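Peer 1: If you want the building blocks of each chain, they are given just below.
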Amino acid sequence: MIDTLLAIARKDLIMFFRYPINAVFRIVEPIMWLTPAFFLGRGFSVDGTATGFAAYTGTGDFFSFILLGSLLGAYISAVFWGIGYSLKMEMDSGVLESNWMTPVPRLAFLVGRTLTSLVVTTLNCTGVLLASWLLFGFSAGGPVSKAMLITLPMLAGLYGFGFAFAGLVLLMRDANTLVDVSSFLVGELSGRGFPVTVLPRALMVISLVLPTTYGFDAVRALLLGTKPLLPLGVAAVVLVGFMVAMLVLGGMAFSAIERVCRARGTLGMH
Amino acid sequence: MNERQDAVVVVGLRKVFERRARRGLLRRAQGEVKTLSAVDGIDFLVKRGEIFGLLGPNGAGKTTTIKMLCTLLSPTSGTARVAGHDVVREAAKVRSSLGTVLTGERSVYWKLTGRENLRYYAALYRIPRRKARERIAELLERLELAGRADELVEKYSSGMKQRLALARALLPSPPILLLDEPTVGLDPQAARNLRQTIFDLKAGGKTVLLTTHYMAEADELCDRIAIIDQGRIIALDSPAALKEGLGAKEVVRLEIQGEPNGLGDALRALALVESVAVRPSVNGAGTCELQVITSNSRRSIGPIIESVRAAGHEVVHFQVVQPTLEDVFIRLTGKSLRD
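Residue numbers (the numbering used here), protein chains in the order written: chain B, 13 to 282; chain G, 3 to 341.
No lab work stands behind these hints: they were computed from the structure.
Predicted model, so just to flag it, every value in this text is computed and none were measured.
Hints are all accurate, no fakes.
Simulated coverage check for chain G against chain B, where a stretch passes if three residues somewhere in it have a Cβ under 8 Å from a Cβ of chain B:
(1) 96 to 103
(2) 110 to 122
(3) 126 to 135
For glycine and all other residues, C-beta sits at the position ideal for the given N, C-alpha and C.
In isolation and in its complexed conformation, chain B is listed as follows:
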């Protein structure tokens, strides 16, 4: 199975670099997006500290807060785009059926298609961290390995979410809008670009229901020393529970929808 997943990733990577300009821009783009956040933070800071922001979060380092949010948000996008959009691409280009006529389980295709996305996102994030360190003086003060560990169940849980989402793409035969909206909403409501404590009550309820919120929060608490919403141990349990529940439910949802599409005969349609 590992060989199969690697073959899918290798194929995607080859195709990714068959469009070299797109490949270069995918890696450079996030650095461009983050630059305004740095200057915005500086504009609101007094002696390098955004005091109003610090009252909400416990840190006056606005740029680092946004930077970590963007990096984690990039992984959310990688899973959504990797699963949803690539599925739609295969439908459009006519290769979905030839892939699905092989004995490989359907869910393995979905996971395999995210691997290149994750590799590219990791390259992006490394580049962004390096640029942020060189240009804006970013440094993480806390335990990086612990922060990485806590993101793993969050990422795995997102895969489960992605499976159900892939089912939706299969059913609706639309990906761009679905991926854009879902990825944006999940990212923003998880606190990618601001502390969720600033949200109005109704939106904050939604935000607190999303387990990804606790993932973002825990990473920032570990690396930047922000005030966490939940004790870190509890956040870790929430994320592991999210992972198990989403992987099971997402897998079941995808299989059920795929059966419906096979009955309707819409698998190869776009």
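Start from chain B and add chain G according to the hints.
Peer 2: Just chain G now, with coordinates in the frame of chain B:
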């Protein structure tokens, strides 16, 4: 697959689609759900090592049948077994026993080379790397793609893309091949080469189930043919037996000037005329072609020509020929395969 087992066994297979009417901005018009029986309770079996054809016009249910056999579509009812495995309950085993080429060129990645495509699909079929390398080289050679194996598929001709799709299907050395309209879109030379490849596959012990709407192709390639129309199999036998089934019938082909309004009915009313099919001529000269199946051309040719002239048409050309599979289809359905 057991020695005595048939390669494909289909019993009472049905596929019914629900189609909702759509109106303007309203995606669905309420209450207007129509059902379409794409495949309507068909039975057939494909013996090991034979080339079996599903012959019928577009929309007859051929592709729907193939898609059910290769597990891309679930049947509404009935059963189908491929290499002894049920297509619903043992879908993964069915997929392992099959190589399938669906119609169209886009079943491979155009931004990969031919070799990269095959390497990718070999991994999906879990062929060990060393064995895959050898198998890919062998298939590229056999399907005359070796010289351009490292070029992007987007630069291939239609025939090359189709051969690459066939190479993909042959990668796991499946005992059974499903080929959906394998020669559609190919030039005559490429189609001829592909037909030879199919013969070679049969000689190598493969079972081939193919669909086609080209009568000559079915006649040339297939050991047995199921003629399918409107989701039903209306005849099943060897090409020779199907033609013999017309008995001592002959076919009078007439090319006439103008639209044959009502002429078909007038000809059908003649003694000795069994059936008549009308289709526009493809030569762009404003003529139409009539195919009249008769039990005695010598006695019926006179009345036929008289009827044509009486209807105000000029006979441009006529000939008496031996029946073809198309004539069998006309006899069975009263219409041409190209209608």
